[in-house]
Amino acid sequence: MRVFNAAIAIAIGLLVLAGYFVPSLAGLQTLFLNWAMILAGVAALVGIGNLISVHGEKIRKRETGSVYSALLILSLFATFVFGFLLGPDHPAMQMVVNGVIVPVEASLMAILAVTLIYAAIRLLRRRLDLMSVIFLVTALVILLGSASLPFGEIPLLGTTVRPWITQVLALGGARGILIGVALGMLTTGLRVLTAIDRPYGGK
Amino acid sequence: MIELVTIVVSLLLLLLLTFIRRKSTPKLRPIPALTRLYRAIGLSVEDGTRLHISLGRGGLLTGRGGASLSGLSALRYLVERTSASDRPPVATSGDPALALLSQDTLKAGYQATGADELYQPTTGRLSGMSPFSFAAGAMPVVRDENVSANVMLGDFGPESALIIESAERVNIPTLGGTDDVSAQAVLYAAAQEPLIGEEMFAAGAYLGAGPAHSASLTVQDVLRWLIVLFLLVGAGLKFLGLF
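Just so you know, the protein sequences line up as chains A and B, in that order. As numbered in my numbering, residues 48 to 250 make up the first sequence, in order. As numbered in my numbering, residues 236 to 478 make up the second sequence, in order.
In short, the hints are calculated from the structure, not lab data. Cβ atoms here follow ideal geometry from the backbone N, Cα and C, with glycine treated the same way. Check each hint, because a few of them may be wrong.
Partial chain B-side listing against chain A, Cβ under 7 Å, derived [said to hold, decoys possible]:
(1) L336
(2) Q455
(3) V457
(4) L461
Please take these sequences and the hints and turn them into a complete structure.
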């Protein structure tokens, strides 16, 4: 069965890849990708089942934070039932999205900003080396060059230094990192394509 | 056409190097984060704690899937090495298909070590489906579930800082690598042991996942040198006005 799984995965993977280079296989490639999207949709349902199972277990064992798990499951079912009955475009459902989900995510974004400042300060305590100092000084220069300051713009910082750092140094560095990441993805993809790595089915 | 040639050459080189190196021990430069990961595995087994492995939220149908697959590959070998621990490792994901694959990978890891009965389906979890809900779902796992190390390998955004902060509050070290450039900056500042650039894709080779993983590193090096050569030649030709 494991060999059968791997054979199917390799065959489909090669056909999808070939679809990018052989125009006559493009239709088959689209068909397989559509199937994959449908399967991903089904996976979302299974994933929600997993979420309910994990939090249900927490409630059953009365673990730390089980109150939040109960709240999550209640909210999940309430949203599902109302969404199912009213439809996603109903004003009440829109209110849930705009009045609960969006503000909660915005609050987490605000916490993230504070967390990052705290992490930057902690970096100096944890790894006081040249790279950490360069990292923090660069972040500070970019912030000072981008922010509206009460005493006006610092000469050269916003017009020369910041653009040079972001468009020359940072862009060059980011491209180098992205080339490395792309090469890593390529070899990972090839290992999966040849079934050396099998994140599906069995030993 | 150049894409096809790159893929075919890389594939042939990968298979050839895997065959050549099947019996030799790879020589790898030390990466502090991966050395620490190795120590964290030992600690987890010895003191009966668990590892939290976060695979990010990279959908397998998107361009970010490569990072997720690399995380899954590392998860497999982390499970094999910590299967003797009293507490099984927990994997969290922000994509449903990735969560299913993490369950399958966990199960395969236990099967490979002959400890099938220790596998628990609830250890491969979908913690949320949007960036912040994923982070919010992973934070209590790090904080409340007797975790000794927080390993983040996959596709993350800046929200990864929230998970790391949650780990820091309970003095748990975080080792993290991602394919996203802005999240790499966040990991550099927040994580105790960040993996920069393509170092994340080297995790398998350092965990002893087999000759194919060390062969992958050599293929990456060969391709990198070729790109450097093309860039230098291109710059030279441009400088001389020939291109």
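Consistency of the hints with the structure:
1. L336: The hint holds - L336/B has a Cβ within 7 Å of chain A, the shortest such distance being about 5 Å.
2. Q455: holds (4 Å)
3. V457: violated (10 Å)
4. L461: violated (10 Å)
In this structure, the hints that do not hold are numbers 3, 4, in rising order.
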